[in-house]
Structures are given as structure tokens and as C-alpha cells.
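For the sequence shown, this note's numbering begins at 114 and goes up steadily by one.
Bear in mind the hints are in silico, worked out from the structure with no lab data behind them.
Please read all numbers here as calculations on a predicted model, not as lab measurements.
Errors might be hidden in some of the hints.
Computed spacing ranges between beta-carbons, pair by pair [said to hold, decoys possible]:
1) Tyr-175 to Leu-406: 51 to 57 Å
2) Ala-278 to Ile-324: 37 to 43 Å
3) Arg-291 to Leu-148: 45 to 51 Å
4) Val-466 to Gly-146: 35 to 41 Å
5) Leu-314 to Met-412: 47 to 53 Å
6) Ala-352 to Leu-320: 40 to 46 Å
7) Tyr-175 to Met-372: 31 to 37 Å
8) Arg-115 to Leu-320: 31 to 37 Å
9) Ala-232 to Gln-259: 18 to 24 Å
10) Asp-347 to Ala-413: 26 to 32 Å
11) Asp-347 to Val-499: 33 to 39 Å
Built from N, CA and C at the ideal position, the CB exists for glycine as well.
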Amino acid sequence: MRRVQIGNALSAFGSGFTMPYMFVYVDQVRGLGSLAAGMVFTVFALAALVVLPFTGRGIDRYGPRPVLLAGAALAATGAFAFGHATGTPALLVSSFLFGAGVTTCQPALATMIVRCSTAATRSHAFALQFTLVNLGMGIGALVGGQIVNVADPASLTRLFTIEAATFLGLALVTGTARMPRANLTVVQEKHDGPTGLRALLADKAMLRLSILAGLIFFTCYGQFESGVAAFATDTVGTAPSTLGFAIGANAVTIVVLQMFMVRITARRRRTTAMAAAGLVWLAAWGMALVAGLIRTETMAATVAIVSIYALFGVGESLLAPTMGPMVADLAPARLLGTYNAGYALVKQIAIAVGPAVGVLLVGSGTWPLYLAAMAGCTLLIVALAVRLRPHLTPEQDNAAPAVVRTAAPVRELQTAA
Numbered sequence: 114m115r116r117v118q119i120g121n122a123l124s125a126f127g128s129g130f131t132m133p134y135m136f137v138y139v140d141q142v143r144g145l146g147s148l149a150a151g152m153v154f155t156v157f158a159l160a161a162l163v164v165l166p167f168t169g170r171g172i173d174r175y176g177p178r179p180v181l182l183a184g185a186a187l188a189a190t191g192a193f194a195f196g197h198a199t200g201t202p203a204l205l206v207s208s209f210l211f212g213a214g215v216t217t218c219q220p221a222l223a224t225m226i227v228r229c230s231t232a233a234t235r236s237h238a239f240a241l242q243f244t245l246v247n248l249g250m251g252i253g254a255l256v257g258g259q260i261v262n263v264a265d266p267a268s269l270t271r272l273f274t275i276e277a278a279t280f281l282g283l284a285l286v287t288g289t290a291r292m293p294r295a296n297l298t299v300v301q302e303k304h305d306g307p308t309g310l311r312a313l314l315a316d317k318a319m320l321r322l323s324i325l326a327g328l329i330f331f332t333c334y335g336q337f338e339s340g341v342a343a344f345a346t347d348t349v350g351t352a353p354s355t356l357g358f359a360i361g362a363n364a365v366t367i368v369v370l371q372m373f374m375v376r377i378t379a380r381r382r383r384t385t386a387m388a389a390a391g392l393v394w395l396a397a398w399g400m401a402l403v404a405g406l407i408r409t410e411t412m413a414a415t416v417a418i419v420s421i422y423a424l425f426g427v428g429e430s431l432l433a434p435t436m437g438p439m440v441a442d443l444a445p446a447r448l449l450g451t452y453n454a455g456y457a458l459v460k461q462i463a464i465a466v467g468p469a470v471g472v473l474l475v476g477s478g479t480w481p482l483y484l485a486a487m488a489g490c491t492l493l494i495v496a497l498a499v500r501l502r503p504h505l506t507p508e509q510d511n512a513a514p515a516v517v518r519t520a521a522p523v524r525e526l527q528t529a530a
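Assemble the whole structure, with the sequences as input and the hints as a guide.
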């Protein structure tokens with residue numbers, strides 16, 4: 114488990130290292146304009162939609178380790194090529210490879226966490242993953258910002274080359290670990306029925322969870338660095354430096370609260386934690402309304418903007434120990450990779466659609482409509498979480514929780530020969 118979590122941190126560090134600077138790299142450093150930069154991000158997102166259905170099937174057939182190695186190799190190749198590309202066609206091809214590799218690694222790592230944990234330790238394992246991902250991305254963005262120099266293209270080339278090396282490190286550290294077999298539950302003992310994405314569509318509980326997850330990712334993660342950021346800077350007039358401080362407050366909130374939230378959610382239904390996250394985010398959108406109404410009062414509006422991101426962090430820390438373990442408990446053992454890939458696919462679609470909707474509404478000057486729509490989405494999250502409860506077994510909803518053990522990993526991974 115330790116090596117899997119190190120791999121998660123390496124992957125997150127690489128993403129934080131370059132993601133904030135991809136747009137400026139294409140637009141300003143290579144001088145290709147904002148249209149080309151937008152195309153690069155579109156291709157990056159489309160790559161996820163292309164590879165994820167095959168990723169899940171590959172994990173189920175060959176195991177997560179070979180799929181992780183393939184994803185790390187694709188990501189390293191794409192990152193290296195992206196840093197050396199100078200024209201739009203080369204950037205689009207490398208962006209596709211980059212996106213395909215990063216996306217392939219996500220469900221493989223999630224499956225590894227499930228394989229290396231038990232029902233008693235799974236929530237803690239996913240919460241620790243979420244904490245390490247936030248730390249990794251934050252540190253990566255900080256270090257990357259010290260390297261980037263828009264006037265020096267070589268600095269960006271160096272940035273993407275280092276990221277390629279982090280994916281090779283991921284392959285070396287995590288991709289050479291043997292996976293223990295998954296423990297079978299009552300659900301996992303069924304060997305007949307549909308396979309692939311058809312299995313997800315036939316599973317009413319998983320289908321409902323996917324719809325709920327899509328709404329969660331659309332409302333929070335899809336707005337985090339787009340709609341809310343545009344609202345803060347364009348409508349409220351928040352300085353970019355203050356916005357950076359607010360994003361930092363989000364990360365600090367998660368790091369401080371995460372293990373505390375693990376203990377709280379261990380004694381609660383998972384659907385209750387999801388509904389609570391929706392209520393916390395409703396408060397966040399309420400603070401956004403306050404910021405919009407008092408935007409002429411600079412200090413008060415700044416406090417409100419920082420509060421939005423901090424409240425987002427509280428909600429995220431409630432979800433980290435619940436959603437990943439629920440997917441694992443719903444999945445038959447033979448389809449664990451497919452379920453994780455389907456969950457990742459929902460996340461990618463929501464994160465792709467969210468910024469488009471948020472920026473469109475804020476950019477058109479209809480920010481009250483934007484805030485009302487997001488508040489409505491959070492109320493819908495609460496309703497869907499409560500309505501999901503009857504479709505889950507007590508074990509899947511953590512209604513009869515096991516004792517949470519956080520002191521030591523359940524089993525150590527062996528190094529592959």
C-alpha cells in the first residue's frame with residue numbers, strides 16, 4: 114500500500130507541476146494563440162473518453178499493474194513530446210498521448226488501493242490518497258512556478274521533461290509491485306451477467322451513484338478553477354494573488370480535516386456524508402452570493418471568496434472516504450477495473466462540461482443565474498444522496514461499519530521479481 118500511495122503522490126505532483134501552465138505554454142510561449150490552446154485542452158479531455166472504456170476492460174483481464182505501466186509510458190511520452198513540440202499538429206498529438214496516459218493511470222491506481230485494503234481500512238486508504246493528491250498537486254504547482262519563465266521556452270521544455278520523469282518514477286515505484294487478489298464479497302461472487310460498461314448500466318445502484326458523482330464533479334471540481342475563479346476575478350474583482358491564497362486555503366483545509374473526517378464518516382452512512390457535503394457546498398454558494406453583493410467592500414468580499422474555497426475543502430474531505438470505497442463495494446471482483454474506469458469516465462465528462470457552463474454564465478454577466486444554478490445542483494446532490502440509500506446494502510452504505518484501523522497497512526506489497 115505504501116508504494117501505491119507514493120505513486121499517487123508522484124502522479125499528482127506531475128499534474129500540479131504542468132497543468133497550470135499548459136495554456137500559457139501553447140498560447141504565449143509557442144505563440145499559437147488561445148484557440149490552439151483550447152484545442153489542446155479539448156483533445157486532452159477527449160483522450161479520456163476514448164481510452165477509459167478499454168482501460169477498465171484491460172484492468173479486469175490483465176490486472177492493474179500492466180495497465181498502470183502502459184499508462185505511465187503513454188503519459189511520459191506525451192509529456193516529453195509536448196514540451197518539445199512547436200506546432201499545433203504536434204501539440205495535439207502529444208496532448209492526446211498525455212491525456213490518455215494520465216487517465217489510464219487513475220483507475221489502475223484506484224484498483225490497486227482496493228486490492229491492497231480491506232473493508233476496515235479502505236476509507237482511510239482513499240482519504241490518504243486524496244490528501245496526498247492535494248499535497249502533491251500543491252507542491253508541484255509551487256515548484257513548477259519557480260521554473261516557469263514565459264520569456265524562456267527552454268524553461269517550459271524543462272518543466273514537461275521533468276514531468277515525464279515523474280511518470281517513469283511512478284512506473285518504477287508502483288508499477289513493479291505485485292497485487293494481492295481481491296477479497297470476494299456476496300456481490301463479487303456473481304460470475305454471470307453483462308460485462309464492460311453494459312454491466313454498469315445494468316447495475317441500478319452504480320448507475321444512480323454515477324449520476325450523483327457526475328453532479329458532484331460538475332458542481333465542485335468542474336467550477337473550482339473555472340466558474341468560481343472567473344466569478345471571483347471578473348465579478349468580485351479579486352486579485353489573482355488573492356485567488357491563489359484562496360486555492361491554498363482549500364488545500365490546507367483538506368490536509369487538516371481529512372483524517373478527522375475519516376473518523377467521523379466511519380460512524381455514519383456514506384449517503385449521509387454525501388448529503389452533508391452537498392449542504393456544506395450550499396453554504397459555499399451562499400458565501401459566493403454574499404461576495405457578489407458586497408463586492409465594493411474589498412476586505413469583506415475577499416474573506417467571502419476565501420471562505421468559498423475553504424468550504425469546498427470541507428465538502429471534499431467528507432467525500433474522499435466515501436465515494437471510492439462505495440464504488441469498490443458495488444463492483445463484482447471480476448469487474449472492479451470496469452467500475453473504477455466508469456467512475457473515472459463520469460468524472461472526466463463532468464469536469465469537461467462544468468467549466469464550459471460556468472465560464473459561459475459568468476462571462477455573459479448573468480452571475481446571479483450562475484449562483485442560483487449551482488445552489489440548485491447542491492440541493493439536488495442532497496436529494497440524490499438520500500434517494501440512493503434504499504438501493505444499497507448496509508455494508509455498501511456503511512450502515513454496519515467495521516472498525517477503522519489507521520496505524521499500519523493491511524498487507525505490504527512485494528517487489529516483482
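Hint check:
As the Cβ distance of Tyr-175 to Leu-406 is approximately 55 Å, the hint placing it in 51 to 57 Å holds. Taken as a hint, the range 37 to 43 Å holds for the pair Ala-278 and Ile-324, whose Cβ atoms sit roughly 39 Å apart. The hinted range of 45 to 51 Å is satisfied by Arg-291 and Leu-148, whose Cβ atoms lie roughly 47 Å apart. For the hinted restraint 35 to 41 Å between Val-466 and Gly-146, the CB-CB distance of approximately 24 Å leaves it violated.
A hinted range of 47 to 53 Å for the beta carbons of Leu-314 and Met-412 is consistent with their spacing of about 51 Å. Between Ala-352 and Leu-320, the C-beta spacing of about 44 Å keeps the proposed range 40 to 46 Å intact. Between Tyr-175 and Met-372 the C-beta distance comes to about 34 Å, which sits within the given range of 31 to 37 Å. For the pair Arg-115 and Leu-320, the supplied restraint of 31 to 37 Å holds, since their beta-carbon distance comes to about 35 Å.
Remark: the range hint 18 to 24 Å for Ala-232 to Gln-259 is contradicted by a beta-carbon distance near 43 Å. At about 18 Å, the CB distance of Asp-347 to Ala-413 disagrees with the hint of 26 to 32 Å. Between Asp-347 and Val-499 the C-beta distance comes to about 35 Å, which sits within the given range of 33 to 39 Å.
Of the numbered hints given earlier, the model fails hints 4, 9 and 10; all others are met.
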